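Can you build the whole structure from these sequences, using the hints too?
Chains A and B supply the protein sequences, listed in that same order. Residue 168 is where the first sequence starts when you use our numbering, and the numbers rise one by one after that. Residue 243 is where the second sequence starts when you use our numbering, and the numbers rise one by one after that.
Quick caveat, the hints were computed from the structure, so don't treat them as lab data. One or more of the hints may lead you astray.
Said to hold, decoys possible - Below are the DSS-like pairs computed for lysine-lysine, each with C-alpha atoms no more than 25 Å apart in a straight line:
| # | chain 1 | residue 1 | chain 2 | residue 2 |
| --- | --- | --- | --- | --- |
| 1 | B | 255 | A | 236 |
| 2 | A | 237 | A | 273 |
| 3 | B | 299 | A | 193 |
| 4 | A | 223 | A | 193 |
| 5 | A | 223 | A | 273 |
| 6 | A | 273 | A | 193 |
It should be emphasised that the depicted structure is a prediction, and the values quoted were computed from it without experimental measurement.
Each chain, letter by letter, is given below.
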Amino acid sequence: SQQGEEDPQALSIQEGENATMNCSYKTSINNLQWYRQNSGRGLVHLILIRSNEREKHSGRLRVTLDTSKKSSSLLITASRAADTASYFCATDASGGGSNYKLTFGKGTLLTVNP
Amino acid sequence: KAGVTQTPRYLIKTRGQQVTLSCSPISGHRSVSWYQQTPGQGLQFLFEYFSETQRNKGNFPGRFSGRQFSNSRSEMNVSTLELGDSALYLCASSPGAGAPSVGGYTFGSGTRLTVV
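The following block contains the structure:
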């Protein structure tokens with residue numbers, strides 16, 4: 168079953184605008200990761216935030232994590248047409264010698280119009 | 243360094259047949275996990291292997307199986323194929339000793355399986 172739920176399911180913006188995607192999850196986690204997928208190809212890891220972190224930055228990406236609300240957000244600033252892709256959040260509950268898997272949400276399809 | 247290599251890229255099989263997919267992880271990575279992606283169910287975890295041992299298995303029927311070799315390469319097998327097995331199958335590698343580091347998991351480009 169899907170633990171993460173992304174919101175919105177689809178987002179269309181103009182180049183230069185910011186894009187914000189949200190993710191909610193249900194169980195305790197070790198970390199939460201965001202991935203990007205272009206046109207049904209492989210997933211590309213974007214950023215990982217641990218359960219004891221609240222915010223993380225990487226280039227034009229900013230991720231926040233609120234473990235009390237079991238939610239995360241991904242902000243892409245100054246978007247480009249090349250950012251057009253599907254974005255997935257994935258929770259990782261690994262730890263204590265068990266799990267070793269990612270549980271994905273259904274993803275947000277981001278379209279950046281030139 | 244070379245990424246995660248999945249072969250073949252595309253595959254067409256007939257219902258009832260069986261199929262074997264291959265995944266070569268990044269050199270030095272000892273964990274390989276497999277995921278199935280369909281439009282209806284999204285990305286679902288199949289199983290994970292570390293040092294030739296299956297550490298976790300998803301909620302899939304016994305027709306889905308896998309193994310890992312001593313060089314960390316992994317194969318997954320689906321027997322008695324059904325139309326619903328049509329999907330993109332992705333494998334991911336990580337160093338594997340525990341939860342991933344900041345780099346997360348590295349995914350291959352996938353094998354697109356079509357069952358007719």
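Hints, verified against the model:
1. B:255 with A:236: violated, 45 Å
2. A:237 with A:273: holds, 16 Å
3. B:299 with A:193: holds, 20 Å
4. A:223 with A:193: Roughly 21 Å between the alpha carbons, so the hint for residue 223 of chain A and residue 193 of chain A holds.
5. A:223 with A:273: Status holds; Cα separation ~22 Å.
6. A:273 with A:193: At roughly 14 Å apart (the allowed maximum being 25 Å), residue 193 of chain A and residue 273 of chain A satisfy the hint.
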